[in-house]
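Asker: Protein sequence lines, in the order shown, are assigned to chains A, B and C. Sequential numbering from 14 applies to the first sequence in the numbering used here. Sequential numbering from 1282 applies to the second sequence in the numbering used here. Sequential numbering from 12 applies to the third sequence in the numbering used here.
Calculated from the structure, these hints are not laboratory results. Watch out, some of these pointers could steer you wrong.
[As the list claims (entries may be wrong)] Examples of chain C residues toward chain B, derived with CB under 10 angstroms: (1) G28; (2) G31; (3) P32; (4) F36; (5) S39; (6) A44; (7) T46; (8) Y47; (9) A49; (10) L122; (11) W133; (12) L150; (13) A261.
[What the hints assert, rightly or not] Pulled from the structure, derived: some chain A residues nowhere near chain C, Cβ distances all over 10 angstroms: (14) V17; (15) M62; (16) R85; (17) R111; (18) T118; (19) A134; (20) T143; (21) R146; (22) D175; (23) L204; (24) Q242; (25) T267; (26) R292; (27) A298.
C-beta: ideal position from N, C-alpha, C; glycine also.
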Amino acid sequence: MEAVGLTKRYGGRTAVDEVSFSVSRGEVLGLLGPNGAGKTTAIRLLTTMLTPSSGQFRVAGVDCGKPNDIRRRIGVLPESAGYPEHHSGSEYLLYHARLFGLNRTDAAGTTERLLAEVGLADRASSAIATYSRGMRQRLGIARALVNDPAVVFFDEPTLGLDPAGQRQVLGIICDIAQRRGAAVVLSTHALTEVEDVCTSVLILRQGTVLAAGTVAEVIGTVAAQPTAQLRVPSDMIARAAESLASAPGLQLETTADTLRITLAPGGDGHVPDTNAVLRAVLDAAIPVLSFDLEGTRLSDAFLAMTSQEPR
Amino acid sequence: MRALALLAALGIVLIGPALPGTAAHAADTEPIEVSFDQTEVVVVIGQQFSLQSEVVNTGPIPAGARLAHLNVASLTGGVYVDPEDWSANRSLSVEPMAPGDSVPLDWDLHAVNAGSFDVYVVLLPNAAATAGTGPLIVSPPVHVTVTERRTLNPGGSLPTVIAVPVLLGLIAATIRYRGRRPARRDVF
Amino acid sequence: MSWYVVTAREWRDLWLGGRGPILMFALSILLSAITYLAATNQILNYLEQREAVNLTLQVAVAVGALVTLVVSADAISGERERATLESLLLAPVSRRAIVLGKLTAAVSLWLGAFAVAVPYLWALGRGVSALVPAMVTGLVVGTLLAVGLSAVGLLISIRSKSNKVSVSVSLFLLLALFAPTQLPTPHGAFGVFLDRLNPVAAALHYLTTVVVNGRGWTHDLSYLASSLAVALVGVPTLMILAPRIVHLVAGDHR
Ligand SMILES: Nc1ncnc2c1ncn2[C@@H]1O[C@H](COP(=O)(O)OP(=O)(O)O)[C@@H](O)[C@H]1O
Ligand SMILES: [Mg+2]
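Starting from the given sequences, assemble the full structure and let the hints guide the process.
Answerer: Now the structure itself:
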């Protein structure tokens, strides 16, 4: 799947501005951005629900000029999708399988298989009205898979789920990329799990791409200085500071019981090794109560980027 | 006095046809008669019924085309009659008739109002040349008595009025109830 | 093929989802009340028999048109509001199939309303020789109105930003069309022209001409012109435009 210069304008406001990227089979692209960044709009453009103001894209090898053919090859879990409350989960899936042209028998088989896959087999014949949020999301995922899609889009699939539900949904999404070999586009603003799921990320803010690449690359582009928080018994703070004073590239800051260490890159761009820091402290026979490293996670990069220069 | 009148009448009958002035008069009095096969009918309001009448050319000469027109008159004060409601087709044409011919005329009627009515037929000459001229030949009336009908079951509609909502209510409730229950497995 | 799947689903949702049967039940209660009153009244004056048939037929047509229009007005904007439209549009089903399924389902409500009215018409009109022609006329006129109004309701629903807007615009339209039927018959050429222009008023006028006045079905046929025009323009417009105007977001431009 590939998009070039995708743009969508609503009147004077540009919801998605010249966005370009590509995803291959088996990959999971994370579309990250705060609310209003244009994630949903981007997904709706790619799923032919909206028409782009400008730009091109190809989905599963089909050009954007053939929306019907695209729809046959994609699966979509829309943002906060609604469900017919009085239908049962299996009726719902059966209907959508039939919409994709499956005959009764095939549709029934697909329905049963997918319900088992998302863990809804035992509630298949209950009305959707009785489903929890997590069950609805999983039903929606099953619906997105009725046509065995080559590209699957998930718009905020974990929104409003409890941690167990989030993990369950993300596990299913991983499976879709790995076992089915589909290309997956996942939009979210909850980052921590995405680091584990996504092979690449695209960070959006106000419709424009702030960063793109693998998770590591994106973190690298932020150039946020890693900071470590060292907690030692309070009477040993001074000694700990002393033991580190000679190490190069460290800025130290002390509070009552913690030592804040900023690992500034030296003139050669080399970032001091955190292990060396720890070893120096341990060598001085100071008991380490905790050592927290910040600024090396995607969330730090995300926060750093999306909070900069607010318009 | 009586003998004189008899003589005069005989004179008219004998001389009449010879006189040019009375030739048209003879044509006017073509001996056609119209009558119903009954004089008295009793029906219930709302009932459909039919009356049979017959037009007969009793004379020795052919009779011209006629238009038979049915009329209804109310004999009960305060009851208004709209003859159009009593019969959808109140005019029938009668072809020219040879002497001795007869034509049956059937009239379908609805007893629209309750009360006492007279129904009669008028024959009018029915040709462009005779428009606006007579004579009119009238049948003896049939007396129609329409009786009221008051029951607890107006117009027989009570079964419908009760049965239909009950039936539809049951159907709606069944579908509702069925929809609430978990659907059966056989939806697969 | 997919139009069949969509249509079957729409019909099932309407008739087995519970909405259709409950509307029919409500209609039967209304018709029972009217029939009982008309029947008791009819005993006093037989003249009203055909008028009673006409009244029942007109109520069925009016209610049928109302529910058809409301269900149509809810069809697209309602799914948009319940967030179920996206998954439907994501299926490889033509917009025409979706709209056709919704249109026929909505019109089936009128057919249901007519079916409910039949026993009442029968009970009231027994003995009226023109009862069957009256029923056939009612079926034709009502179907014409229902199809036209359903197409209009769907167009409104497709273009409305919210379901509330769609349903209120449609109800207002229906009210505006029904209001003249409650006014005294118009006089003067312009009034008659306006009366014929209004598909609802003209269709009901036609019904009265045939059922009450016992005129032949050809007598005032010109009164059906406006409802025929609405159906003949509305449905093709809907079908032709559907692929271009049915969107997830009302009024999104291609
Ligand atoms: N139909 C619309 N009309 C006008 N503006 C819209 C519409 N849909 C979205 N937007 C605007 O586009 C921007 C992006 O929205 P969206 O794609 O929903 O963001 P996200 O999914 O990242 O939260 C927002 O500023 C939103 O207000
Ligand atoms: Mg969104």
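Asker: Could you run down the list of hints and mark each one as holding or not?
Answerer: Hints and how they fare:
1. G28: G28 (chain C) check passes; min Cβ-Cβ to chain B is 7 angstroms, inside 10 angstroms.
2. G31: 9 angstroms, holds
3. P32: Constraint on P32 (chain C) satisfied, holds at 4 angstroms.
4. F36: 4 angstroms, holds
5. S39: 4 angstroms, holds
6. A44: 8 angstroms, holds
7. T46: Holds: closest Cβ of chain B sits about 5 angstroms from T46 (chain C), inside 10 angstroms.
8. Y47: With a minimum Cβ separation of about 5 angstroms from chain B (threshold 10 angstroms), the hint on Y47 (chain C) holds.
9. A49: Nearest chain B Cβ about 8 angstroms off; hint holds.
10. L122: 15 angstroms, violated
11. W133: 7 angstroms, holds
12. L150: With Cβ-Cβ at 18 angstroms, over 10 angstroms, it is violated.
13. A261: 31 angstroms, violated
14. V17: With a cut-off of 10 angstroms, V17 (chain A) remains clear of chain C, as the shortest Cβ separation is near 20 angstroms.
15. M62: 4 angstroms, violated
16. R85: 5 angstroms, violated
17. R111: 5 angstroms, violated
18. T118: Answer for T118 (chain A): holds, closest chain C Cβ roughly 15 angstroms.
19. A134: 21 angstroms, holds
20. T143: 16 angstroms, holds
21. R146: 13 angstroms, holds
22. D175: Label holds. Min Cβ-Cβ 21 angstroms, cutoff 10 angstroms.
23. L204: Correct as stated: the minimum Cβ-Cβ distance to chain C is 25 angstroms, above 10 angstroms.
24. Q242: At about 44 angstroms from chain C, Q242 (chain A) clears the 10 angstroms cut-off, so the statement holds.
25. T267: 54 angstroms, holds
26. R292: 56 angstroms, holds
27. A298: 62 angstroms, holds
Violated hints, in rising order: 10, 12, 13, 15, 16, 17; the structure is consistent with all others.
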